[in-house]
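Work the whole structure out from these sequences, hints included.
Single-letter residue listing:
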Amino acid sequence: MGIHVEESVCNRCGTADEPMCVRDCPGDLMFIQENGKAAITDNRECWDCAACVKVCPTQAISMQLPASLVVRGVTLKGRALKHKTTWAIQLRDGEVHTYDTPSTGKPPFTPSL
Amino acid sequence: MSIDHVELACDLLIIGGGAAGCVAAVEARELDPSLRVVVMEKAHVYRSGCLAAGISALNAYLTVGETPESFLRYAVRETVGVVRDDLTLSMARELNAQVERVEDWGLPIPRDEMGAPLKRGRASIKIFGERIKPILGKRAEASGATILNRVNATGLAMRDGRVVGAYGFNVRDGRFYQVSAKAVLVCTGGTAGLYRPSNPGVAAHRMWYSPFNTGAGFAMGIRAGAEMTSFEFRFIPLRIKDAMAPTGEIAQWLGAQQINARGEAYLEKYYEHLGGKRMLTQDRLYATLMEYRAGRGPCYLDLRGVNPRKLEGTIAAYLSMAPSSAMIMSDEAYYAGHGGEMAPVEITGGEPHVVGGHGLSGYWIDTARRSNVPGLYAAGDVAGGVPKKYASGAWAEAVLAVRAMIEELPQGELPQLLEADVARERERVYAPIAQPGPVPARELEERLQKIMDEYAGGISVQYGYAEGTLRLAKLHVERLRGELDALGAKTPYELMHCHEVIDRVEVARTLIAHMLHRRETRWHCYQERLDYPQRDDEHFMIFVNSVLGPDGQPHIIERPVQRMSVDVVLPPLSDGAVIRKPLISSPPTGSSEDV
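Chains as they are written, first to last, in our numbering: chain A, 20 to 132; chain B, 108 to 702.
Since the hints were derived computationally from the structure, they do not count as laboratory data.
Please note that the accuracy of each hint is not assured.
[To be verified] Derived pair list, reagent style DMTMM-like, types lysine to aspartate or glutamate, alpha-carbon separation capped at 20 Å: (1) Lys-417(B) with Asp-119(A); (2) Lys-96(A) with Glu-25(A); (3) Lys-101(A) with Asp-438(B); (4) Lys-125(A) with Glu-207(B); (5) Lys-125(A) with Glu-210(B); (6) Lys-245(B) with Glu-25(A); (7) Lys-597(B) with Asp-61(A); (8) Lys-96(A) with Asp-438(B).
[As the list claims (entries may be wrong)] Quick partial rundown of chain A residues pointing at chain B, CB under 10 Å, derived from the structure: (9) Asp-61; (10) Ala-70; (11) Trp-106.
[Claimed, not checked] The following residues of chain B were derived to be distant from chain A, with all beta-carbon distances above 10 Å: (12) Asp-111; (13) Glu-137; (14) Asn-203; (15) Arg-208; (16) Arg-282; (17) Ser-287; (18) Asp-349; (19) Leu-525.
Cβ atoms here follow ideal geometry from the backbone N, Cα and C, with glycine treated the same way.
What follows is the structure, given as structure tokens:
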């Protein structure tokens, strides 16, 4: 459990010098495997900050909590857009809850509080 | 691994590209665009440090009606008198200007119809902070400062008693960096991972503080002779269990009460002598532990009756700060069923941290954020004496430091590093690779955490300690220190882990020395001397400081508290306390900000 990269979806950010998940992980835990797909070196080191999840342009990365904690089967995906971040939390029965959070810019913000 | 060498020279070197470091870089380049500014950052400035996941509030801001003096009163009360008034006031005066500056850079701050930021507490405002770190990092990049991402700082370069630069290595390619500078600002954050963490095994890094903040700035300063203050004021967060996420979003924003397993509002019911609902942040944790001991635990934040729509807003706020907590809350909501009542959220204490932004620990500095070592300045979580400064206070301190650094910048040539010093640091840095020992960093890290947990007041002993246990902590940490040459690394990344352990051990031995010296209990849980359970204002209304002596041991220095003209009512001494001096015993005022 932890960070999971869907290899069929990852495109290693095309021709970018450094894929964005590899760039942004504060623990320097993401790397590109020999097959050209991103992966995490060690989920034990992960802080669950979701930086890699949000920055992935193809949304190949999802996050689950370690099974040694309480949550099983809850999955988080997200996408950082210019002025907002969109989120999807998939619950254990498959139901998906979505959220938008403002991320840059001036009011008015949607959603309101 | 071949070890290449990168040599750089600059006017200002900023070590750590987090909240303080990014703002420092921008401030320096704006004040003087001709300055050569270098930022040394162990990850990438877009998502490094404490703010990687984002934050949903700024907890150091003067809301309408508040003043620097009222902020100081709040700080004095929370630290039971031991606080630097001069530093707190100078920081508080800068807070709002820096918050507005970062708002201009793109940080979304919701405001009311009068234009004031939405208030979460007296010194706390709501923000949409998911993107806060990229906003800061991109601004630092655009400032024209040279950003050295992936360079882990290891030591300060000295010449004639002055700091003249720093050393580090690239955590990907292993190259050695030597950067000479006219002045150096340390802002590397606090220290996580000193104590055995709340969560086990693969979940160990699911903690409140950034697990990547490993005390490098403290350790470099200690080795360079910088004076450190108040390490014994350990910050222990009262957090949402398992996710270890901040409680402020629920406690302050939703107004959820702390209840025990019987559903009683226990702060009011059992702890009126500590201030009841208005008790200090540390006493909220203490009361929660006491409830457990009294058989009324565990404790919760009560979400029953909270409007489900408002709860959705809270989940969104947690996504912008502690995403795992949003996942846990969603799962709880699932169990509650559609339209069902939310179960109360269980709360618990995390492991202790040495961190200047929440607590008091760090470099002993003056109002210009100068350390006692010429050429060396400190800001943010690594700087001591001011509690409750958090992210916006780190910005304020960064700006104050940079202004002084520029004003005092030595004229003339850039300093040269001494070849012998460079060679010595290179040898020290690469020892785990050049002559690899048999032990991976993780094993010694776990050993340190076990020692600190069991003998120096970790979670397993409910944060309490005494002379005898501290003596054992000291003995075992010194033994561990003697075995650091057993560390081995195969890659630059593993080498970084080795230095994280080396630095944490330096922080731990300083911490133990400070804990041994304060023979009283001033801050429940944070500093809980079981053998001296009372507060002793006569002897310990002081700062406990230290410097590394010529014998390689931390030497304690006592510094007086200098109260400026602020009338502050300290909490009354607890029952049975030996009152040696008359103390003001009226009930405390103001509310503590549990964040």
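Broken hints, numbered, in rising order? Structure breaks hints 3, 6, 18.
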